[in-house]
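*Asks:* Taking this note's numbering, the leading residue of the sequence shown gets 1, the next gets one more, and so forth.
Accuracy of the hints is not assured; some may be wrong.
[To be verified] If you anchor each label on the Cβ, the simulated ranges turn out as follows:
no., residue 1, residue 2, range
1, G24, W114, 26 to 36 Å
2, V40, S87, 38 to 48 Å
3, V111, A83, 33 to 43 Å
4, A48, P166, 11 to 21 Å
5, D139, S79, 14 to 24 Å
6, V194, R80, 39 to 49 Å
7, L59, V32, 10 to 20 Å
8, F124, V194, 31 to 41 Å
Because the hints were derived from the structure by calculation, they are not lab data.
If you're wondering where the values come from, they're calculated on a predicted model, not measured in any experiment.
In this text, a Cβ means the ideal position worked out from N, Cα and C, and glycines have one as well.
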Amino acid sequence: MFSRLRGLYGRLLAPLARLLLSWGIGPSAVTVFGTAGVVVASLTLLPAGRFVAGTLIVLAFLLGDGLDGNMARLGGRESRFGAFLDSTLDRLADAALFGGLVLWGARHDEVVVWLALACLALGFLVSYARARAEVEGWDASSGLFERTDRLLVSLAGVFAVGLGAPVAVLWVGLGLVAVGSAFTVGQRIRAAAVASR
């Protein structure tokens, strides 16, 4: 869904990407820094129930998710290792985000625990289905709920609860992510099945 805005997002980030490149900062450094920020914020602020601050800080660091790729393209520094590093650290950031919600839920709401675990597992399956298809030479990159969608919908629920909404709002957000992720896994399995014929 939100991935359709990637072109506009890239154009908005282009000036910042050029500035960082002019300072000698590489895209991989931005990838690592952004991931570290997400991990620290997710595992400290979210378990403590500081949802507003946690959401805003995680979102700020998630800007790096698009910034590093933009820098690589503008600086002519695209590489297979860079793509590998970015994808691998994305999984770490996702694990930290949903892990932070699991830690909070373990003390306050069991439903959040199960929904966050479902989001984490299904989100990994979405990524794995695409990666495994690409190993076979098939295109399975399409799908309803990609990473950006999963993170934004989840964080919207977290932010709403931080502002005082009932925890059921977070249930709905995480539930949408879980269902959307499961549907996307099905879409990618179908795409791989069609491509394999």
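*Asks:* Now look at each hint and say whether the structure bears it out.
*Replies:* So, going through the hints one by one against the coordinates:
About 46 Å separates the C-beta atoms of G24 and W114, a value inconsistent with the hinted range of 26 to 36 Å. Hint check: V40 to S87, Cβ distance near 21 Å, so the stated range 38 to 48 Å is violated. In this structure the hint that V111 and A83 lie 33 to 43 Å apart at CB holds, the actual value being about 36 Å. For the hinted restraint 11 to 21 Å between A48 and P166, the CB-CB distance of approximately 19 Å keeps it satisfied.
The beta-carbon spacing between D139 and S79, approximately 21 Å, falls within the hinted interval of 14 to 24 Å. Against the hinted window of 39 to 49 Å, the Cβ-Cβ separation of V194 and R80 comes to about 26 Å, which falls outside the hint. Our hint of 10 to 20 Å for L59 and V32 holds, since their Cβ atoms are close to 18 Å apart. For F124 paired with V194, a C-beta distance near 23 Å fails the hint of 31 to 41 Å.
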